[in-house]
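Asker: As a plain string of letters, each chain reads:
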Amino acid sequence: MKSNKDTRVVVGMSGGVDSSVAALLLKQQGYDVVGIFMKNWDDTDEFGVCTATEDFDDVVRVCNQLEIPYYAVNFEKQYWDKVFTYFLDEYKAGRTPNPDVMCNKEIKFKAFLEHAMSLGADYLATGHYAQVRSQNDRYEMLRGVDDNKDQTYFLNQLTEDILGKVMFPLGHLPKSEVRKIAKEHGLATAEKKDSTGICFIGERNFKTFLSEYLPAQPGQMQTLEGEVKGKHDGLMYYTIGQRQGLGIGGAGDPWFVVGKNLEDNVLYVEQGYANDKLYSDALIASDVNWIHADKVEESFTCTAKFRYRQQDSEVKVTILDDDHVRVDFMESQRAITPGQAVVFYNGDVCLGGGTIDEIRKADHRLDYVG
Amino acid sequence: MEQIYLDHAATTPIHQDVLDTMYNVEKEVFGNPSSVHSFGRKARHLLDEARLVMARSIQAKEREIVFTSGGTEADNLALIGAALGNRDKGNHIITTVQEHHAVLHTIEKLEAEGFSVTYLPVDQDGLVSTEDVRRALTDETILVSIMFVNNETGVIQPIQEIGQLLHEHQAYFHTDAVQAYGLIDIDVNLLGIDLLTVSSHKINGPKGIGFLYVQENVQLQSLQFGGEQERKRRAGTENIAGIVGFQKAVELAMENKVERNELYSSYKNLFLRLLEENGVEFQVNGDVKSTIASIVNISFPGTKVEALLTNFDLEGIAASSGSACTAGSVEPSHVLTAMFGKEHECTTNSIRFSFGIFNTEENVEQAALRVAKIVKRLAR
Chain A
1 MKSNKDTRVV VGMSGGVDSS VAALLLKQQG YDVVGIFMKN WDDTDEFGVC TATEDFDDVV
61 RVCNQLEIPY YAVNFEKQYW DKVFTYFLDE YKAGRTPNPD VMCNKEIKFK AFLEHAMSLG
121 ADYLATGHYA QVRSQNDRYE MLRGVDDNKD QTYFLNQLTE DILGKVMFPL GHLPKSEVRK
181 IAKEHGLATA EKKDSTGICF IGERNFKTFL SEYLPAQPGQ MQTLEGEVKG KHDGLMYYTI
241 GQRQGLGIGG AGDPWFVVGK NLEDNVLYVE QGYANDKLYS DALIASDVNW IHADKVEESF
301 TCTAKFRYRQ QDSEVKVTIL DDDHVRVDFM ESQRAITPGQ AVVFYNGDVC LGGGTIDEIR
361 KADHRLDYVG
Chain B
371 MEQIYLDHAA TTPIHQDVLD TMYNVEKEVF GNPSSVHSFG RKARHLLDEA RLVMARSIQA
431 KEREIVFTSG GTEADNLALI GAALGNRDKG NHIITTVQEH HAVLHTIEKL EAEGFSVTYL
491 PVDQDGLVST EDVRRALTDE TILVSIMFVN NETGVIQPIQ EIGQLLHEHQ AYFHTDAVQA
551 YGLIDIDVNL LGIDLLTVSS HKINGPKGIG FLYVQENVQL QSLQFGGEQE RKRRAGTENI
611 AGIVGFQKAV ELAMENKVER NELYSSYKNL FLRLLEENGV EFQVNGDVKS TIASIVNISF
671 PGTKVEALLT NFDLEGIAAS SGSACTAGSV EPSHVLTAMF GKEHECTTNS IRFSFGIFNT
731 EENVEQAALR VAKIVKRLAR
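Those protein sequences? They're chains A and B, same order as listed. Numbering-wise (the numbering used here), the first sequence opens with residue 1 and increments by one. Numbering-wise (the numbering used here), the second sequence opens with residue 371 and increments by one.
Treat the hints as calculated values from the structure; they're not laboratory data. Be careful, since some hints might not be right.
Claimed, not checked - Which residues of chain B face chain A? A partial, calculated answer using Cβ under 8 Å:
hint, residue
1, L480
2, E676
3, A677
4, T680
5, L684
6, L748
Claimed, not checked - Below, computed lysine to aspartate or glutamate pairings styled on DMTMM-like, alpha-carbon distance capped at 20 Å:
hint, chain 1, residue 1, chain 2, residue 2
7, B, K674, A, E114
8, B, K743, A, D122
9, A, K27, B, D683
10, B, K743, A, E114
11, A, K77, B, E715
12, A, K5, B, D683
13, B, K674, A, D81
14, B, K674, A, E76
15, A, K77, B, E701
16, B, K712, A, E76
17, B, K746, A, E114
18, A, K77, B, D683
19, A, K5, B, E685
20, A, K2, B, E685
Being a predicted model, the structure only gives us computed values, none of them experimental. Glycine residues also receive a C-beta, built at the ideal position from the N, C-alpha and C atoms.
Starting from the given sequences, assemble the full structure and let the hints guide the process.
Answerer: The structure is reproduced here in C-alpha cells:
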C-alpha cells in the first residue's frame, strides 16, 4: 500500500469552511494534497464582478496557509448541459428538481473526478458530511455523524466504484468541531458563513432568477373541488406542501399547495397543515441507483428520506425493473414531492436512491400532485 | 524534483549583477534627483547615465526616453498620450487583433471615448500584413500600434516594412517591443518607429520599471501630473534603484545578444526534437521561420489547457497559455483565435514555452521528457 506521502488527494475546494478543513485534515495526515476550485456557473454582473472570484481568493488564502498547490477548473459547459438543463426541464414539467443530487452525479463525482484522476490523483476528497467504509474490497457509504449535516441524501447516486476513489474527511465530525478546527488553525475561511440554497442562485431571489429562464404563466388557484381561491404567478414557483406566498386570506387554517394541473395551468390548494390531500402511502421512483446492486433483493424493508434533513421513515421497497421501484410507506407521508430524491438507508448505511416520479394512495396514482 | 522554468516570456529571474547594483544604489543613493544638493545630484547623475544607456540601446537620443512603471504604463502613455495629443490631426487609430491586452484594452478605451479604430487581422502564421496597414490608412489616421514580437506565439511582425510605409504619413508608429528587446537589434531610426515600449522584468531586470521611447517630434499629452520629472511627460519621483537595475539588465542584454539567440534556438530545437522523438503529437503555432528564439507555442491535439498546465506544474514544469484563467474562467487565447478562428481546437490546447537564463541544455531536456510523458497520458 502507498504511504500517505505518496498518495495524491485532490480536494474540491469551494472557498467555504468545510472544504478548507477537509484539506487541512488531509494535509495533517501527510497526504500529497492538491486543492482545486471548480467553476460551474458564470454569475459575472454588469460591473464584471463575480462571486467566484471572491471564493477563489479564499481558496488561494487557505491553500497558501496549508502550503499546498491550488488550481482552478471550469465545468460551466458540462454544468449547463447536465445540471441546469435538467433543472429547467423539471420545472417545466411541474416538478421540483434537486440540482445538488444531479451536480454530485454528473459534475463533482464524474467530470471533476475524471479531472482529478488526470492529475495523477489516487483519491478525490470533498467537504461533504458522509463517510466511506471499506471492508473486504467493498465500499459502503455511511451517514455523516452529524445528523443535522448528513449529506448522503445528495450523494445517493454515487456508485461503489466511485466510493473507492473518494474521501470525505469531515464525515466523522460534527459541524461545530469543523468550525472549531478552522478557528484553531486560523484558516481564512473560519468565520465565513455557510452558503445556503441552490448554488447558482445564491442570495438572489428564486422567483426572479427562474423567470429569467422560464416564461411564467399566471393562472388560477383552486381547491381540488374547483373552488377558485386566487391567482398563482406560474406553477413553477410552487412546490407541494408550500404555505408561504399563496396570499389566501380569510378565516380558518392556513392554505397549502397540494398539487398542480399542468394542462389547465391550475395550482391546487387545500386548507390545514394536516389536510388529507397532502398525504400519500406509496411512491414510484425512477433513475434508481443501488450502491450494492448485487445485494438488492426483489422486495425488502428499510428506512427512507423523501427530502433533505427529514427523519427516516420505515418503508417497503419493491423492485419493478432495472430503473424503477415502488416504495410503500409504513405510515402515510405528508407532501411527497415529484422530482425530489427518495434515499434508502439500512441503519447508517446509505443503500442508494432515486427520483420521485409518482405519488400513490390506496393503490391509485394521485394525479393532482403531478 | 527539479522545478524547471519555461515561462520567461511572463517574467524572468533577476540577474545577480542587477541585484547587486540595486542593493548598492538603495543603500548608498537615496537622494531625490530633483533636489538642488549633493544628495540629489548623486541620484541625478545615476539617472542620466541610465537614460543614456537606454537611448543608445535603440539608437535614440537621451531626451527621447521616458521612464515608466513598466510596459503597461508605457503602452498607456504612448497610446492615450499620442491620441489625445493629436486629435486636431485626425480621429483614426490602427492596431491588430493580436496585441497584448495593455495595448488592446487601452485602444478599446480610446474607442469608447470616440476614436475610430481599425483592428487588423493576422494570418494563420500569426503575421499582420503591411498591405492591410496600407489599405487601412486614411487622412484621419493619427496612430498605428503594432507589436514587435507577439508575446504568445513569438512571431516577429514586419516592423521595418510598416515603419517605411508610415514614413510619408502623419500617423505615429508605436510598437510594443517588450518581447523583442534584448534579443532583436532595434534601431528606431532605421525601423521608422516613433513610440516604443520596453519593460525591464522581461530582460532579467527588476519589476516596476520600463521606458517609453518618444521620438522628439511626437506631440504627446501626459497622463500623470505633478512635478516636472521626465520633461513633464511623467510626473513622480524617479525609481532610481529600479532604473539603475534596469540599466544593468540592458547592458547585460546588449552584451551577448547573438550568443543568447543561438542558445535559445538550440533549446527550442532540442525541445521540439525530443517531443517528436518521444512520439508526442503536436503542432507549432505561428510561422517558425519568423519566430523569436525564446518563444515556442505548441498545440497538443486532444488535450485541454487547464489539465496540461496543472499537470505540468505538479511535475515541476512552469509554462503558460495565452488563455486568461482567473478563478476558473478560461477565455480562449485571443491571439490564437485571431489566427485560427474561434472554434479551432488550438485555442484551448496550446501552451507557450519560453526560454531564458534559467535554462540549461539539461533542464530543457528534462522538461521535454516530462512534458512528453504528460501529453501522451492526457491526449485521447
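Asker: Against this structure, judge whether each hint is valid.
Answerer: Status of each hint after checking the structure:
1. L480: violated (19 Å)
2. E676: Result: holds, 5 Å to nearest chain A Cβ.
3. A677: Holds, about 5 Å.
4. T680: holds (5 Å)
5. L684: Given a least distance of 6 Å, the restraint on L684(B) holds.
6. L748: holds (6 Å)
7. K674(B) to E114(A): Holds: K674(B) and E114(A) sit about 13 Å apart, inside 20 Å.
8. K743(B) to D122(A): holds (18 Å)
9. K27(A) to D683(B): Holds, at about 19 Å.
10. K743(B) to E114(A): With a Cα-Cα distance of about 18 Å, the restraint between K743(B) and E114(A) holds, given a limit of 20 Å.
11. K77(A) to E715(B): Judged against 20 Å, a Cα distance of about 16 Å means the pair holds.
12. K5(A) to D683(B): holds (18 Å)
13. K674(B) to D81(A): OK: K674(B) and D81(A) at ~19 Å, within 20 Å.
14. K674(B) to E76(A): The hint holds at about 15 Å.
15. K77(A) to E701(B): Since the Cα atoms of K77(A) and E701(B) sit roughly 13 Å apart, the hinted pair holds (cutoff 20 Å).
16. K712(B) to E76(A): With Cα atoms ~18 Å apart, K712(B) and E76(A) stay inside 20 Å; holds.
17. K746(B) to E114(A): Distance ~16 Å between K746(B) and E114(A) Cα, so the pair holds.
18. K77(A) to D683(B): At roughly 25 Å apart (the allowed maximum being 20 Å), D683(B) and K77(A) break the hint.
19. K5(A) to E685(B): Distance of about 16 Å is within 20 Å: holds.
20. K2(A) to E685(B): Distance of about 19 Å is within 20 Å: holds.
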